[in-house]
Amino acid sequence: YTSPWRAAGEFNNLPITGGGQWESRQLRLNLTYNFGNPELKASRKRKTATEEERSRIQ
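The sequence shown begins at 3 in the numbering used here and counts up one residue at a time.
Some clues are possibly wrong.
[Said to hold, decoys possible] Listed next, with one range per pair, are the computed distances between beta-carbon atoms:
| id | residue 1 | residue 2 | range |
| --- | --- | --- | --- |
| 1 | N32 | E53 | 31 to 41 angstroms |
| 2 | T4 | L33 | 21 to 31 angstroms |
| 3 | R8 | T50 | 30 to 40 angstroms |
If you are wondering where the hints come from, they were derived from the structure by calculation, not from laboratory data. Just so you know, even glycine gets a beta-carbon here, dropped at the ideal spot from N, CA and C.
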C-alpha cells in the first residue's frame, strides 16, 4: 500500500517543505548464472611470473 509523507521546517528563516510516498508492496529478484565449462577454465589457469620466481627462491 502507498504511504504518503509530508515534512515542513525552517532553516535560516527559509521555509522548507517536502513530501513523497512509500510503496510497501515490493518485489526483488536476483539471478546468478555462471557461463562456460569449469573444466576448461581450470586447465587454462597458468602460473604467473611471480609464482615462478617464488619457486626459484625456495
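The hints, checked one at a time:
1. A C-beta distance of roughly 35 angstroms is found between N32 and E53, which places it inside the suggested range of 31 to 41 angstroms.
2. Between T4 and L33 the beta carbon distance is about 28 angstroms. The supplied range of 21 to 31 angstroms therefore holds.
3. The beta-carbon spacing between R8 and T50, approximately 59 angstroms, falls outside the hinted interval of 30 to 40 angstroms.
Of the numbered hints given earlier, the model fails hint 3 alone.
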